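In order, the protein sequences belong to chains H and Y. Counting along the first sequence from 1, when you hit position 82 you're at 82 in our numbering, and nothing is skipped either side. Counting along the second sequence from 1, when you hit position 9 you're at 9 in our numbering, and nothing is skipped either side.
Since the hints were made in silico from the structure, they are not lab data. Being a predicted model, the structure only gives us computed values, none of them experimental. For every residue, glycine included, the Cβ atom is placed at its ideal position computed from N, Cα and C. Possibly wrong hints are sitting among the right ones.
[What the hints assert, rightly or not] In silico contact screen, one side only, chain Y against chain H (beta carbon under 7 Å); selected entries:
1. P44
2. L46
3. Y49
[As the list claims (entries may be wrong)] If you anchor each label on the Cβ, the simulated ranges turn out as follows:
4. H:V113 / Y:D78: 39 to 47 Å
5. Y:S40 / H:W7: 17 to 25 Å
6. Y:L11 / H:T10: 22 to 30 Å
7. H:S106 / Y:Y51: 26 to 34 Å
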Amino acid sequence: SQTIHQWPATLVQPVGSPLSLECTVEGTSNPNLYWYRQAAGRGLQLLFYSVGIGQISSEVPQNLSASRPQDRQFILSSKKLLLSDSGFYLCAWKRDRGSHGYTFGSGTRLTVV
Amino acid sequence: QKEVEQDPGPLSVPEGAIVSLNCTYSNSAFQYFMWYRQYSRKGPELLMYTYSSGNKEDGRFTAQVDKSSKYISLFIRDSQPSDSATYLCAMSGTSGTYKYIFGTGTRLKVLA
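Chain H extracted, bound-state conformation (with noise of 0.2 Å):
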């Protein structure tokens, strides 16, 4: 069976400071992956999706970026952290052809102070 891992569960970082989170997939090859952040009262924002290795898209331009370096593999990355940038970042998977809906992970809480 597919599983979708993501961490860590909780981080709180200073303005400034760099930021990575890691999503692996296991159980399936060749998924599309997905970076959500969720805010309060704001409903799920796609931030970045991949169709393959190294092949990103960004929804929204900010100062965080995503790599894939490897298929099941998916990275979430900030070189200087904003007070902004805190929320609740959801990692998912969905298999590139045929299937319906994510899978989500378990998400990752980040506080910026």
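Take the given structure of chain H and dock chain Y to it, following the hints.
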């Protein structure tokens, strides 16, 4: 106007009640509709998936799509305190789409 509108709630109901959760949307190209349940501090989990118009039932849950009105619903029968969570609708235009559009979620509280 947002593409997908969802009342944020909270919606409080007594245990055993029938719950109706709804979303409206503006894009007539949407064909695939999903409902997710999200417990506090957890990732959303897929509850129901429907294609085009009609009803789909799974246990105590029924998903309903009315494309003519651009309106989707999730009904929960015999609601339980364990159903207390935020319910998010999501939709897309094609099955191969790379991204879904989500509602902001409705917070449901089922009181014992």
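Hint check results:
| no. | hint | verdict |
| --- | --- | --- |
| 1 | P44 | 5 Å, holds |
| 2 | L46 | 4 Å, holds |
| 3 | Y49 | 5 Å, holds |
| 4 | H:V113 / Y:D78: 39 to 47 Å | 44 Å, holds |
| 5 | Y:S40 / H:W7: 17 to 25 Å | 19 Å, holds |
| 6 | Y:L11 / H:T10: 22 to 30 Å | 28 Å, holds |
| 7 | H:S106 / Y:Y51: 26 to 34 Å | 28 Å, holds |
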